[in-house]
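Here is how the chains run, residue by residue.
4 protein chains.
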Amino acid sequence: MRRYLFRNDYSFGAHPKVLAALAETNLEGNAGYGDDPYCGRAQDLIRDLCQCPQAKVEFLIGGTQTNFTAIAAFLRPWEGVIAAESSHINGHESGAVEATGHKILPLPTGPDGKLTPEQLLPLLERHKDVHLVKPRLVEIADATESGMVYTKAELTALSRLCRDNGLLLFLDGARLGSALASPASDLTLPDLARLTDAFTIGGTKNGALLGEALVITDPALQPDFFRIKKQRGAVLAKGWLLGAQFEALLKDGLYFEMARHANAMAARLQAGLKALGWTLWVDSPTNQVFAVVDAAAKARLDAICAYEEWCPAQEPGHTVIRLVTCFATAPEDVDGLLAALR
Amino acid sequence: MRRYLFRNDYSFGAHPKVLAALAETNLEGNAGYGDDPYCGRAQDLIRDLCQCPQAKVEFLIGGTQTNFTAIAAFLRPWEGVIAAESSHINGHESGAVEATGHKILPLPTGPDGKLTPEQLLPLLERHKDVHLVKPRLVEIADATESGMVYTKAELTALSRLCRDNGLLLFLDGARLGSALASPASDLTLPDLARLTDAFTIGGTKNGALLGEALVITDPALQPDFFRIKKQRGAVLAKGWLLGAQFEALLKDGLYFEMARHANAMAARLQAGLKALGWTLWVDSPTNQVFAVVDAAAKARLDAICAYEEWCPAQEPGHTVIRLVTCFATAPEDVDGLLAALR
Amino acid sequence: MRRYLFRNDYSFGAHPKVLAALAETNLEGNAGYGDDPYCGRAQDLIRDLCQCPQAKVEFLIGGTQTNFTAIAAFLRPWEGVIAAESSHINGHESGAVEATGHKILPLPTGPDGKLTPEQLLPLLERHKDVHLVKPRLVEIADATESGMVYTKAELTALSRLCRDNGLLLFLDGARLGSALASPASDLTLPDLARLTDAFTIGGTKNGALLGEALVITDPALQPDFFRIKKQRGAVLAKGWLLGAQFEALLKDGLYFEMARHANAMAARLQAGLKALGWTLWVDSPTNQVFAVVDAAAKARLDAICAYEEWCPAQEPGHTVIRLVTCFATAPEDVDGLLAALR
Amino acid sequence: MRRYLFRNDYSFGAHPKVLAALAETNLEGNAGYGDDPYCGRAQDLIRDLCQCPQAKVEFLIGGTQTNFTAIAAFLRPWEGVIAAESSHINGHESGAVEATGHKILPLPTGPDGKLTPEQLLPLLERHKDVHLVKPRLVEIADATESGMVYTKAELTALSRLCRDNGLLLFLDGARLGSALASPASDLTLPDLARLTDAFTIGGTKNGALLGEALVITDPALQPDFFRIKKQRGAVLAKGWLLGAQFEALLKDGLYFEMARHANAMAARLQAGLKALGWTLWVDSPTNQVFAVVDAAAKARLDAICAYEEWCPAQEPGHTVIRLVTCFATAPEDVDGLLAALR
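Chains as they are written, first to last, in our numbering: chain A, 1 to 342; chain B, 1001 to 1342; chain C, 2001 to 2342; chain D, 3001 to 3342.
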């Protein structure tokens, strides 16, 4: 096995406190399907943190599942999803949204992966043609696939455009901890609750074994959600496992503490790579680092480090690679990798 | 909280050995999506136990998800599923199979929930009419919804009918441990591998936190399964969690040991209820006990015991109730409940 | 070819007046997709005949298509359809409703194929369980598959139950002409518009080449219907062909005139068969005649008459057969068949 | 109404010979659902013209329907469709393909709308990643949306790439007559049968009231097609209407005669517009003419001519418009429009 593990933020299990919370429930006996006190308390916690008492909070198992279940629940059959061409739902989910019957209308973006109101308007204009899918939901991710974050001004502008045009705004927060904990972000959970119709708080990539919280703030989207969650295989029989984890993550700030740590480790790595003369693809303010490497650098990495090839770089013979940090990344891991690359 | 917990077999977490195995992996760092040594070893174990080296073994998260993902993967759009009217897929999965586009063709059964070749033939005859759905897959469960088991003779007859008529045979083994460990069953894992095209080995209801193993024995059904598993949200990012649990369940016989224990507890409870003069709905050889109670008996149960109302009984004013045992049920729990009911 | 054609009511093309109306449009040049004056006038006519100015009227091509497009448009993914076990959507549409993702919850009926409020209540009660599909739409047909009709009292009772329980009521009127023109029916188009949320006026089985009118009276179900109609292949490029036919059918009462004729021919046939000592399966008041025949009678029919085998009869060795009349059935056809059978 | 009708090729009904053929069947009495001698003879004709005796020929009603029914029939749930970004299925079919669960993987093209093998290879490489949809079918149209045609060399290269990579090749021939009759095309029906796995012969846009013939040459794609055709609402009850039209279209060469005429009218119009100094968007060899107009020219057209706005032109303030000819376009129509524009 390679010495340095920067492949992704789901290579380790749970934060020890989360695992301990989960283990404590083991032989208690609890009601199934989320109808237990852990889920109840975790839902209350999330509503409090979001300052959104009317929010419906649903726990699901994984990110792809949460995205397609929410989209299938929110849309009518003839409605489509506007999303960045580089978005996770448009690529790495094996057509999950389309498998629920909905077309994704992809918009090209820069490497930051962020959508802007200016991009949306011509698409909306074009789709007034009733022979085309009706755009109804705008999907964004924070952080984006390339680790960038939305500012409050940007999200406010998108939100306003959506509300002015009858569009729902759904934010995929698989890496929400890292985004909100980033120095580049001035957004808060209450902002998200106020500016979107639904968003997720990802557990899997920030210290949980598994689990995503879906926060549905728009009351019109709330009814009957359990039935479609069941239908799409997203109801965990032993549902308290999700509640107990989210309670442990959120009750004392552990969630954001881990995210800040992961971000700090990424910043340390990014600074170190720059100092080594490496070229970055984007200057990421979150827990993902993207570098442009030539074949020689790549070979050196291959010998010692688990990472991911991201895409071909514009420069011939170069590759964009991704290195990801998480709660379990120690400063020594970063420094060790940098030393080895020196 | 009620004193005696017989509501179902997913009220407790994992067997302590399974939880320990899972916890040991926590900070190791493992590849995601099931591409890890735990899954690899657990797949090998299952192939060995099934004496079926060509089987493809896939780990999924929950039962509903496994059923609809397998059915969606195996069928063409115009093909339907023959299943018992009382089957889980026809009722308690919120239309999950239909949500993948496939009609279930339900057949009435007795309280045992078992299908017979004799029932299938007229349906096959009728569905030669090309204006109807083409029956292509027979879904059965072992144990059935009412805890009954198939014998080797019965499964052999169904299998033969399926093969003679171009039908796939898929066995939902959410409670397979309890079924195979039952004194009423003469079936083995190699029998299932030989007689079905695919079947599942349920973890959730027999000592795992979560997880179902899908064993696809028919080579024609194996290609590309990962892609649809991903598409339907059934790929766990931290996939080794499933592999580590199944390895712990299967490597030393813990899975069947727990199932025998649960069956023994159910038999003890069933005998005790009979001794108390209670009427049973079926004489279950597995870990589910079904009794017919009047309002007075039900009120006594309500005060002390978590159980499930199953269906109205034929006798006016009576109800069929279900009591379920599992690995965590102690003899004292059974005896305590019986004493309290005396 | 057999001499007497009673196989169904779509064995002939269009009533000559309908064909003439269609032919007159042939080289005019018209806007496509239903955006033409014929469709406009036919929609107005239908709104007038229904005394329902707020109705949205959509023309579609065939019956199966109309049923699944309407159901897919009206329902959310977790919602199901209550229908008679013997209904067309539950059998002879090759799983079309399920292919849109919705479960049909079939209810057994007598040979009349009619649903009653009493039957619905226990199903509604059972489906309060959120692990099951949510029943949301009741589908009935008038005439039913076996040619029987609903009375105003019956439809009123069903409508009230639906409205009291948040259910939509959708009436498949593939044979609506024959139903409303039947002496057994006291229903009118305004009654249907008032008592249902949507219903269809079938053209195919009553004198059109093709075409069904879908009347959506519930304003909540009307928005965006064109987009899903397009998506499901139900928009005819040369849409005026449907408008011109429905205008011809409805402007001078031709539609009901043909239906009365077809009913009269069926009554004449039914009376004649009774006089011959034949047993009827149901005493149909519309254009379908169902008789119970033994092998000898069936052999005599086979030699001279196109008809349909319906189902096995209860009496061993007997078969229920169906004979259908339409606008093109002449009294001589009926009398000739009866004479030949004598 | 505007004087000159060049809006599209489905503004008129059927060629008089086709309408006459259809009318002759009107009161004959025919078996339903395509099980009639007209369909049988038309299927034989198509197999003969394609020199492909093993082809399965299916008649469907409209183009969108034919595309999604074929794609749904041919693909497994995790498989996607490669198509031009500008293709009809990716735009003007209201998400019909996605509504069957399949993702379209759009590739950008030039204004000609044609795909090349070179474009496909990087997409195939990228989609070896099993977290993505599996590309399985390449959809092209001949003529393309912008009226351009494939050459035999181009189609041969695409076909070879598909077969080398396990891809199906499906050709949308909604305007196949115009394509094959074009001087720019060296393709024949036998070429299409040999080089594709399935293709369509469009009736609607070339002289039929309605109807598309789907020619499935790949035997693996043929079984059970009727069942899915029924399921998707594509079986016409009075199916002989399709057979009679296709027989009339194909038995004496009328289909290609009309296409040559439409092409000649378009060439006459295109030459005339050039002579007037108009700029063409593409130099179309088929029955669609695309011109780039400024606001003044557009205003003059608006007063006298039905046409379609296609897309904004690159030059600010200019618009690409489309003028379409068909069997019913007379030389006088073309000359009259040109004179009026002079």
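Check the hints yourself; a few may be wrong.
[Said to hold, decoys possible] In silico DSS-like pairs for lysine-lysine, Cα to Cα no more than 25 Å straight-line:
{"hint": "1", "chain 1": "D", "residue 1": "3128", "chain 2": "B", "residue 2": "1056"}
{"hint": "2", "chain 1": "D", "residue 1": "3017", "chain 2": "D", "residue 2": "3251"}
{"hint": "3", "chain 1": "A", "residue 1": "17", "chain 2": "B", "residue 2": "1298"}
{"hint": "4", "chain 1": "B", "residue 1": "1128", "chain 2": "D", "residue 2": "3152"}
{"hint": "5", "chain 1": "D", "residue 1": "3056", "chain 2": "D", "residue 2": "3128"}
{"hint": "6", "chain 1": "B", "residue 1": "1298", "chain 2": "C", "residue 2": "2274"}
[Stated by the list, open to error] The following label-pair restraints were derived from C-beta to C-beta distances:
{"hint": "7", "chain 1": "A", "residue 1": "111", "chain 2": "D", "residue 2": "3111", "range": "37 to 43 Å"}
{"hint": "8", "chain 1": "D", "residue 1": "3054", "chain 2": "C", "residue 2": "2300", "range": "39 to 45 Å"}
{"hint": "9", "chain 1": "C", "residue 1": "2184", "chain 2": "A", "residue 2": "122", "range": "57 to 63 Å"}
{"hint": "10", "chain 1": "A", "residue 1": "224", "chain 2": "B", "residue 2": "1280", "range": "45 to 51 Å"}
{"hint": "11", "chain 1": "D", "residue 1": "3156", "chain 2": "A", "residue 2": "164", "range": "31 to 37 Å"}
{"hint": "12", "chain 1": "D", "residue 1": "3224", "chain 2": "A", "residue 2": "220", "range": "39 to 45 Å"}
Think of the hints as simulated: they come from the structure by calculation, not from any bench. We put the beta carbon where it would ideally sit given N, CA and C, even for glycine.
**Report entry** Numbers of unmet hints, in rising order
**Finding:** Violated: hints 3, 4, 5, 6, 7, 10, 11.
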